[in-house]
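Taken in order, these protein sequences are the chains called V and P. According to the working numbering, the residues represented by the first sequence are 1 to 138, in order. According to the working numbering, the residues represented by the second sequence are 139 to 623, in order.
Hints listed in this document are in silico derivations from the structure and should not be mistaken for laboratory results. No experiment lies behind these values; they were computed from the predicted model shown. There's no promise every hint is true.
Simulated crosslink set (DMTMM-like; lysine to aspartate or glutamate; CA at most 25 Å straight-line) [claimed, not checked]:
id: 1; chain 1: V; residue 1: LYS2; chain 2: P; residue 2: GLU363
id: 2; chain 1: P; residue 1: LYS589; chain 2: V; residue 2: GLU114
id: 3; chain 1: V; residue 1: LYS126; chain 2: V; residue 2: GLU105
id: 4; chain 1: V; residue 1: LYS117; chain 2: P; residue 2: ASP427
id: 5; chain 1: V; residue 1: LYS2; chain 2: P; residue 2: GLU300
id: 6; chain 1: P; residue 1: LYS149; chain 2: P; residue 2: GLU218
id: 7; chain 1: V; residue 1: LYS117; chain 2: P; residue 2: ASP504
id: 8; chain 1: V; residue 1: LYS2; chain 2: V; residue 2: GLU70
id: 9; chain 1: P; residue 1: LYS589; chain 2: V; residue 2: GLU115
id: 10; chain 1: V; residue 1: LYS126; chain 2: P; residue 2: ASP399
id: 11; chain 1: P; residue 1: LYS589; chain 2: V; residue 2: ASP13
id: 12; chain 1: V; residue 1: LYS2; chain 2: V; residue 2: ASP60
id: 13; chain 1: P; residue 1: LYS595; chain 2: P; residue 2: ASP575
id: 14; chain 1: V; residue 1: LYS126; chain 2: P; residue 2: GLU300
id: 15; chain 1: P; residue 1: LYS392; chain 2: V; residue 2: ASP60
id: 16; chain 1: V; residue 1: LYS126; chain 2: P; residue 2: GLU363
id: 17; chain 1: P; residue 1: LYS219; chain 2: P; residue 2: GLU300
id: 18; chain 1: P; residue 1: LYS398; chain 2: V; residue 2: GLU114
id: 19; chain 1: P; residue 1: LYS392; chain 2: P; residue 2: ASP356
id: 20; chain 1: P; residue 1: LYS286; chain 2: P; residue 2: ASP504
id: 21; chain 1: V; residue 1: LYS117; chain 2: P; residue 2: GLU389
id: 22; chain 1: V; residue 1: LYS117; chain 2: P; residue 2: GLU395
id: 23; chain 1: P; residue 1: LYS595; chain 2: V; residue 2: GLU18
id: 24; chain 1: P; residue 1: LYS268; chain 2: P; residue 2: ASP228
id: 25; chain 1: V; residue 1: LYS117; chain 2: P; residue 2: GLU218
id: 26; chain 1: P; residue 1: LYS219; chain 2: P; residue 2: ASP246
id: 27; chain 1: P; residue 1: LYS392; chain 2: V; residue 2: GLU18
id: 28; chain 1: V; residue 1: LYS117; chain 2: P; residue 2: ASP486
id: 29; chain 1: V; residue 1: LYS117; chain 2: P; residue 2: GLU388
id: 30; chain 1: P; residue 1: LYS219; chain 2: P; residue 2: GLU249
This is what each chain is made of:
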Amino acid sequence: MKLRQGTFSFLPDLTDAEIHTQVQYCIDNGWAVSVEYTDDPHPRNTYWEMWGHPMFDNPDAAAVVFEVNECRKQFGDYYIRVIAFDSSHGWESIKLSFIVNRPKEEPGFHVSREEVKGRSMRYSIKSYATDKPEGRRY
Amino acid sequence: MPDGSEKLTGKARYSAGVLEYKKMGYWEPDYEPKDTDIISLFRITPQDGVDPIEAAAAVAGESSTATWTVVWTDRLTACEKYRAKAYRVDPVPNSPGQYFAYIAYDLDLFEPGSIANLTASIIGNVFGFKPLKALRLEDMRLPVAYIKTYNGPATGIVVERERLNCFGRPLLGATVKPKLGLSGRNYGRVVYEALKGGLDFTKDDENINSQPFMHWRDRFLYCMEAVNRASAATGEVKGTYLNVTAGTMEEMYKRAEFAKDLGSVIIMIDLVIGYTAIQSMANWARDNDMILHLHRAGHSTYTRQRTHGVSFRVIAKWMRLAGVDHIHAGTVVGKLEGDPATTKGFYDIMREEYNPQSLETGIFFDQHWASLNKMMPVASGGIHAGQMHQLIHYLGEDVVLQFGGGTIGHPQGIQAGAEANRVALEAMIFARNAGDDYLQNGPEILARAAKNCTPLKQALDVWKGVTFNYESTDAPDFVVTPTTS
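Chain V on its own, in the form it takes in the complex (with noise of 0.2 Å):
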């Protein structure tokens, strides 16, 4: 299974020169780029870790490449994205978002069932990975 989360989830995995390109046209854009990581891939799992934070007034793409890579060696066996931030009114969330970085196995997800009145059904979708604690999951 592949996490197809982000922007380009069904692009073959990106090369840090595509990044670049990427990244810069954030940068471009006035947005601040952000490099976060987790080990928890739930779609719904809002909250990645931050690796810093977001790159206020960084003029230049490299520097979020390389902080890329300073995550790769730590975190080399997570998922890693890049997060972009738009401050201006009336937007004020992320402009983009793509992954960097995946496990070597992606486990995926199961959908358990809970049956309920009627023909009803409650779902709860679970990644295989979340059994083991923070850390140990990949």
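Since the structure of chain V is provided, determine the placement of chain P on it from the hints.
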């Protein structure tokens, strides 16, 4: 010098009998609209021999306080204030016999927060008026004071993206086909395949409600099974627009509650349920963290013809007030009506915080939106992966691109169709961000992406060169004059 259209006052104005509207105070060429006035722009086509100013005054009169004859009871009211005032009449460029009439309405003429009340005034009575051959409401200027009486879209573009965890690219959808006849079980199969293949949304069509071949509860149950399975297969948040349109409000609430209980992120309604029902469902959506999709079923009966009806840009403004999150707004390149400039005007009304006057896209007034949430436009009808560069160029990033036939009609099946669309989209966004001239190089960008994606290659082969080039029936009256530099 008197020209016969001067306003009468006092005894001359209120003697029993019939007066021309322009003499009754509905034509005031010197009037300066107040910031709090609602302004309507009508395209009027008077009957032969009817003075356009009298026609404009009549529209002002019949959409506010007037009746066909003088009534003394006017004098019990602050009638000067309540009269709508036609204050400007211009000939329409290149359209003999047609005029643009600007009419200002005092804020006190309207109940706060009621589209039904607004429309009962503005389009309630005047469209069948005999002295006019045809009448079209082209645009409205809504004052901030009036906008603030509405809650606006329940979710809005930004929060929708945050909830779906989807940024930086258009959302992808598909309408389940065939739109009638599938059983609930078979219907859910289409949903599962399309979402697993890479779409964010699937959609009920406008006329899928609860028919003999598929009861609505069956559809909801099977669809949500499909949504959850696809979500697990991809790790993404997925949705399917469950159409809750029904014969009564009670039934719609019941269906919406069931959709919520099953964990759906989105429900849908049709425009034909009416403005009041739409506002009620928007309130429900706001109370229940639900995205609300509106299918503009029926709109072409009054939006399409250039001389008579209501422009879709006005419907879009009303719907932003009424509070829907998604609204179909044209594709430019697909099978349904829409020239590029007019469609851009619609999209700007939905997505911007402020619309400056822009005659070349059909926007006649500066319009502040007072931080009302933005609506996500939906492009649906006859589009396919091979047009991705054009779609992004014309429609931008905050849009749902719906490929129904372009997903389900793929030669290798629905999943392959969905994957082709998603790969084409991501490749095009990547190229755009990387600084490529993607509109010019679109076909090569797609061909390159297809090297890693057989389904995309097949899609490009099958639908190569499918276009719908017909002349639009509704285009702006003003064109940009190229300047020499």
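Run the distance test for LYS117(V) versus ASP504(P): straight-line Cα separation, threshold 25 Å. Violated, at roughly 53 Å.
25 Å limit on alpha-carbon distance, applied to hinted pair LYS589(P) and GLU114(V): violated, 43 Å
Below or equal to 25 Å on CA atoms is what counts here, so check LYS126(V) against GLU363(P). This hinted pair holds, its Cα atoms lying about 15 Å apart.
For a C-alpha distance cap of 25 Å, please report whether LYS2(V) and ASP60(V) respect it. violated, 30 Å
Tell me if the straight-line CA distance from LYS392(P) to GLU18(V) falls inside 25 Å. Between LYS392(P) and GLU18(V) the Cα gap is close to 49 Å, so the pair fails against 25 Å, i.e. violated.
If you draw a straight line from the CA of LYS589(P) to the CA of GLU115(V), is it 25 Å or shorter? violated, 44 Å
Below or equal to 25 Å on CA atoms is what counts here, so check LYS392(P) against ASP60(V). violated, 54 Å
Straight-line alpha-carbon gap LYS117(V) to ASP486(P), limit 25 Å: With Cα atoms ~46 Å apart, LYS117(V) and ASP486(P) exceed 25 Å; violated.
Compare the distance between the alpha carbons of LYS117(V) and GLU389(P) with 25 Å, and conclude whether the hinted pair is satisfied. It holds: about 20 Å lies between the C-alpha atoms, which stays within 25 Å.
Decide if the proposed pair is consistent with the structure: LYS392(P) and ASP356(P), CA atoms, cutoff 25 Å inclusive. Holds, at about 14 Å.
For the pair supplied as a hint, LYS286(P) and ASP504(P), confirm whether the alpha-carbon distance does not exceed 25 Å. Within the cut-off at roughly 17 Å; holds.
Straight-line Cα separation of LYS2(V) and GLU70(V) no greater than 25 Å? holds, 23 Å
Hints 2, 7, 9, 12, 15, 17, 25, 27, 28, counting from the list given before, are not met by this structure.
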